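Listed below, chain by chain, are the residues.
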Amino acid sequence: MSGDHIYSALSEEHGGDARWAFGTGFTDALAGVDTTVPEGVDGDDLALYCQMLGDDALVQAQRLTDWVTDAPELEEEVALANIALDLIGQARLLLARAGQADGSGRDEDAFAYWRGPEEFRNVHLAEAPRGDFARAILTLLVLSSARLAVFSRLSSSKDPVLAAVAAKAVNELAYHREYAVSWALRLGDGTPYSHERMVAAVADVWPLTGELFATHPVEARMAAQGVGVDPAEVGQEVHRVLTEVLTAATLDAPASFPEPVVAGRQGTHTAELAPLLREMQKVAREHPEATW
Amino acid sequence: MVTTTRQEQHERVWRAAAAVTDPELPMLTLADLGILRRVEIGDEGTARVWITPTYSGCPALAEMRADVDRAVRAAGFDQVRVHTELSPPWSTDWITDEGRRKLLENGISPPGAAPKRADGPVPLTLLPTRTVPRCPQCGSGQTEELSRFGATSCKSLHRCQSCLEPFEHVKEI
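Going down the list, the protein sequences come from chains A and B.
Numbered by this note's numbering, the letters in the first sequence go through residues 2 to 293 in order.
Numbered by this note's numbering, the letters in the second sequence go through residues 1443 to 1615 in order.
Quick caveat, the hints were computed from the structure, so don't treat them as lab data.
The reader is advised that the hints may include incorrect statements.
To be verified - Calculated from the model, a selection of chain A residues having no Cβ within reach of chain B, i.e. all distances over 10 Å: (1) T37; (2) D67; (3) A111; (4) A129; (5) D231; (6) E280.
To be verified - Some, not all, of what chain B presents toward chain A, calculated at C-beta under 8 Å: (7) W1492; (8) G1499; (9) P1531; (10) P1563; (11) S1589; (12) S1595; (13) I1615.
If you're wondering where the values come from, they're calculated on a predicted model, not measured in any experiment.
Note that the Cβ used here is the ideal one computed from N, Cα and C, for glycine as well.
Make the full structure from the sequences, and use the hints.
Here it is as structure tokens:
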């Protein structure tokens, strides 16, 4: 370690055996990917659509990290952190895609750290308070099931970048759902106490499920262009999945989802989102010149 | 300057990039992992390398790109571009036989066949469907899963019921 500054050997410019305390310099999640917007596809719509899918993942991931150092067991903490990491990876790709599609050239950090709550497009269930472990499991079960249904269809999107991101995410979402299923079964069909907590979790989470299947005009237009998926189309499939899991977990599955009403997709949020973002954006906003 | 053919340059770039190791699984090279997709020499002598991420959120990817960049420069190329290729998505089926052998030698259980998924809805399974990995230490088939999520995204944690040793398994994805 030589140089004027004791950290100089850790910086990217140093070459040789440099490590990456200050980043590798390779930050573009989509570097080298052909990012041309396909002909006939509206770039602004595509950007908003990518923000919707990316924000769901980013906000859910930030909420999941509440469990780090606070999960019932170390294994579950590691599991939830790993799931959050997958979702952040999906969000990075989608937000990077958004910045190319609308021609603004904004990078993923610009979207994650420099938008206010009213510019976020995630559904309310992603920002809802974490609650207890039962509620976290049920939230994960619902969100991963809905996202999996959408993303498995997006794998054939007319936008090749979105299709590739989705095809990759499908494998990850499938094991997120598997993890949630295994705990839903264990807790629902466990002790009377764990069962009771799961019953309460269903009662808390279910009212927020309707929005997942509400169609925002951007989603409708993207679906019509063969780029996106109309969430209303996956409702039945997701309901079937949830009913099967809840029934096996000896829990009562509500007969249908609540009425689908667009909310978060148009930037209307609950009071929970602002403090979540404040925490997530704190370092970036206090040190706007920092890179990592 | 020694004149080399395009073919020789191509091989040199491939060898340099292929030998870079994964920071999380240092016994594996990028070639063993199956994440090195292709290399190309541009007309102006630029070495281009395409790698694919394992998991969307794999934090090692940026480090691997920096390592590839450095290795190819060390092989004599001033202009290096390391690109990401997303499609087709990586699966553990891309890990080579050589890679699997090295994992086992290092006490990590290699992945079985990745789950096959047809287009359309991903089927729901209520029971664990994963194959039970063999203990990499004693070879016993009597093992239990401790946690589906290990120290890195790509591994799960298990324990052998014969020799009682805990071990890691690279998850099928």
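Status of each hint after checking the structure:
| no. | hint | in the structure |
| --- | --- | --- |
| 1 | T37 | holds (14 Å) |
| 2 | D67 | holds (17 Å) |
| 3 | A111 | holds (18 Å) |
| 4 | A129 | holds (22 Å) |
| 5 | D231 | holds (16 Å) |
| 6 | E280 | holds (19 Å) |
| 7 | W1492 | holds (7 Å) |
| 8 | G1499 | holds (3 Å) |
| 9 | P1531 | holds (4 Å) |
| 10 | P1563 | holds (6 Å) |
| 11 | S1589 | holds (4 Å) |
| 12 | S1595 | holds (5 Å) |
| 13 | I1615 | holds (5 Å) |
When the structure is compared with the earlier hints, no violation turns up for any of them.
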